[in-house]
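**Q** All chains, please: the whole structure from these sequences, using the hints.
So the protein sequences, as listed, match chains U and D.
For the first sequence, this note's numbering assigns the number 1 to the initial residue and increments by one for each residue that follows.
For the second sequence, this note's numbering assigns the number 1 to the initial residue and increments by one for each residue that follows.
In case anyone wonders, no lab produced these hints; they're calculated from the structure.
In this text the structure is predicted, and so the values were computed from the model without any measurement.
Please note that the accuracy of each hint is not assured.
Simulated pairs of lysine to any residue, SDA-like, Cα-Cα distance not exceeding 25 Å [as the list claims (entries may be wrong)]: (1) D:K275 to U:K135; (2) D:K275 to U:T109; (3) U:K135 to D:I20.
Residues per chain, in single letters:
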Amino acid sequence: MSKDSEVIVRTEHLTKRFGHLVAVEDLNLEIHQGEVFGFLGPNGAGKTTTIGMMLGLIEPTAGRVEVFGLDVRNNLASILPRVGVLMENPSFYPYLSAWDNLHLFARVTGGVTNDRIKQVLEIVELSGRARDKFKTYSLGMKQRLGIACALLHDPEFIILDEPTTGLDPAGMKEVRDLTIRLGQEGKTILLSSHRLHEVEQVCEHVAIIKQGRMIAQGMVNDLLKRGGMLQLRVTEPDRAMAVLQEPSWISSLTREGDLLLLGVSVERAAEVSALLAKNGIFVSEMKTRENTLESFFLEVTEEG
Amino acid sequence: MVRLVRVELFKVRKRGMTWILLAVLVAFFCMIFLGMYAAAGSAPHGMPGAGLEALKASLQFPNAFDMIFSTAQGIGGILLVILAASAVGNEYGWGTVRQMLSKRGIRSHYLGAKIVSLIIIALIGIAISLIVGFALASFTTIQLAGSINWDFMSASYVGELFKMFGWTAFALLVYILLGVLFAVVGRSALVGIAVGLGYYFVERIAIGIFTGAGGWLAEIPNYLIGQNINALMPGNQLGGPFMTTSTLPSLLHASVTLAVYCLVFLALSLYLFQKRDLTA
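**A** The structure is reproduced here in C-alpha cells:
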C-alpha cells in the first residue's frame with residue numbers, strides 16, 4: 001500500500017496511564033486506506049486500550065489519535081458513523097433477540113434498513129437463530145453477531161478485536177475469508193489478534209506492541225525477512241562458531257548438528273560467506289530458513 | 001437525541017423487569033386500598049372514632065386522590081430507583097455501554113436519553129397509578145358511602161389534580177436521578193439500587209431521630225429529600241411512624257430544595273459519565 005494513500009488512523013505519541021500502570025506509551029501508528037492491518041501483542045500489551053482511545057472510550061494521558069484526519073477528542077460524531085467495531089467479548093442485551101439487538105443498534109446509527117439487517121445476519125449465518133434471545137447463544141454465535149453488528153452500517157473502517165475467539169476451525173476460516181473479502185472490497189481493517197497464524201494469512205501490515213510500546217511495525221514480508229535465519233553447512237563447524245561470535249550484526253548463533261543457524265538478514269549472506277572464507281572456512285551449503293510471524297513475534301516480544 | 005430516547009424506550013419495553021415492576025406497583029395499590037378498606041370495615045380494637053373516620057374519608061373521593069398520588073410517589077419512588085439504577089448500571093455489567101458509545105460517541109446524549117426515557121416511564125407509571133387507584137377508590141367509595149358524589153369535580157379541582165400529577169412527577173424525578181447517579185458512580189446496577197434504596201429508608205429513620213432530638217438538629221430534615229417531598233404531597237401528611245407534619249417546610253422551600261438536589265445529581269452524573277474511561 002502506498003504511503004501516499006489516505007491515512008485512516010494516525011496516533012502521535014499516544015500514551016495512556018492508569019495510575020502508575022503505563023498501558024500505552026508513546027505509540028506512533030499509521031493505518032492507510034485499504035490496508036488490512038494486524039495489531040499484535042501479548043496479553044495486556046495495550047491493544048484494546050489503544051482501540052478504546054481510537055473510539056473515544058478512553059481518554060489519552062498524552063498524545064493524540066486522528067481517525068479520517070479528524071481528532072477523536074472533538075469529532076466522534078463525525079468519525080463513528082464511518083467505523084464498525086467488533087469488541088473483544090461482544091456485548092449485547094441478553095434479553096433481546098439477535099434481530100432486536102441489531103435493530104436497536106441500527107436505530108442508534110441511523111440509515112440502516114431491515115434488508116441490511118437480514119443481509120448481515122446471512123453473512124454471519126445467524127438467520128436461522130435471529131429471533132432467539134442473545135443469552136441463549138454460544139460464544140461463537142455471540143462473536144458472529146458482533147461481526148454482524150460491526151458490518152451493519154457498511155463502514156469504511158472496521159476494527160476487529162479478537163474476531164475468532166470462541167469459533168470452531170470452520171468458523172475461524174469463515175471469518176478469515178470474510179476479512180480478506182472485506183479488504184478486497186477496499187475496506188480498511190484493523191485486526192487485533194493473538195492468533196499469529198491468522199494475522200499472517202490475512203494482513204499485509206502489522207504492528208507489534210509489548211507493554212504499551214511499539215517494538216516492530218511494517219509489511220509482514222519485510223518483517224519476516226528482517227527476522228530471518230541463515231542456515232549454513234561449513235567445513236569446520238566448531239571454528240566457524242568461534243568466528244561468527246564476533247560480528248555484532250549477527251543477533252543469534254546456534255548449532256543443529258552439522259548446521260549453523262544465524263540470526264541475520266538475508267542481505268548480509270555475502271558478508272557471512274566472505275568472513276568465513278577469510279578465516280579459511282568454506283561454505284558447502286547456504287540457504288535462508290523461512291521465518292513465521294509466530295517465531296518473529298516470539299523473538300521480538302521475548303527480547304528485553 | 002429523539003432517536004436515542006426511542007431506543008431507550010424500546011429497551012425498557014422489551015425488558016421483563018419493567019413489567020414485573022409495573023405488576024408490583026398495581027399489587028401494592030390493591031394491597032393498600034383493599035387492606036385499608038378491610039381495616040375500616042372491621043374497625044380495629046381501640047381505634048378512636050376520629051381516626052376511623054379519617055381512614056374512611058381517605059378511601060373515598062375526593063380525599064382518595066391524595067392517597068393515590070401519595071402511593072404512586074411512595075411506591076413509585078422505590079420502583080424507579082430500581083429501574084433507573086438497572087437501566088444505567090446493567091449497561092456496564094453487560095458491556096453494552098461501550099458498544100453503544102462506539103456507535104454514537106456523544107456521552108451526554110446517551111445518558112440524557114436514558115434520563116428522558118425514565119421520566120416518560122415515570123409519567124406513564126403515574127397515569128397507570130391514577131387509573132388503578134381510581135378504580136379501587138371507586139370501589140371503596142361505593143362500599144363505604146353507597147355511591148360516588150361527583151360534586152367536588154370542577155374545573156379548578158381538575159387543575160388541582162394536574163398540579164398533584166406534576167408534583168408527583170417532580171418528586172419521582174429526584175429518585176430517578178438518585179438511582180442514575182449511584183449507578184454511574186458504582187458502574188453497577190447493584191450499587192445504584194443499594195445506595196438509592198438505602199438512602200430512601202435510612203433517611204426516614206434519620207428524619208425521626210433529628211426531629212426528636214430538637215434544637216438545630218430538628219432543622220436538618222428540612223434539607224433532606226423525603227421531608228421536602230412530604231411537603232409537596234398532601235397524602236404524605238396523613239402521618240406515619242417517622243412523620244412529624246408540624247415541621248414540614250413551605251412549598252417554595254421544598255420545591256427549590258428538590259430542584260437543587262435534581263441539578264446536583266444530574267450534573268454529577270453527567271460529569272462522571274463524561275470524564276471516566278470506559279475500559280473493557
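**Q** Against this structure, judge whether each hint is valid.
**A** Against the structure, the hints come out as follows:
For the suggested pair K275 of chain D and K135 of chain U, the alpha carbons sit about 31 Å apart, so the restraint of at most 25 Å is broken. The suggested pairing of K275 of chain D with T109 of chain U holds, with an alpha-carbon distance near 23 Å, which does not exceed 25 Å. Between K135 of chain U and I20 of chain D the alpha-carbon distance is near 19 Å, which keeps this suggested pair within the 25 Å criterion.
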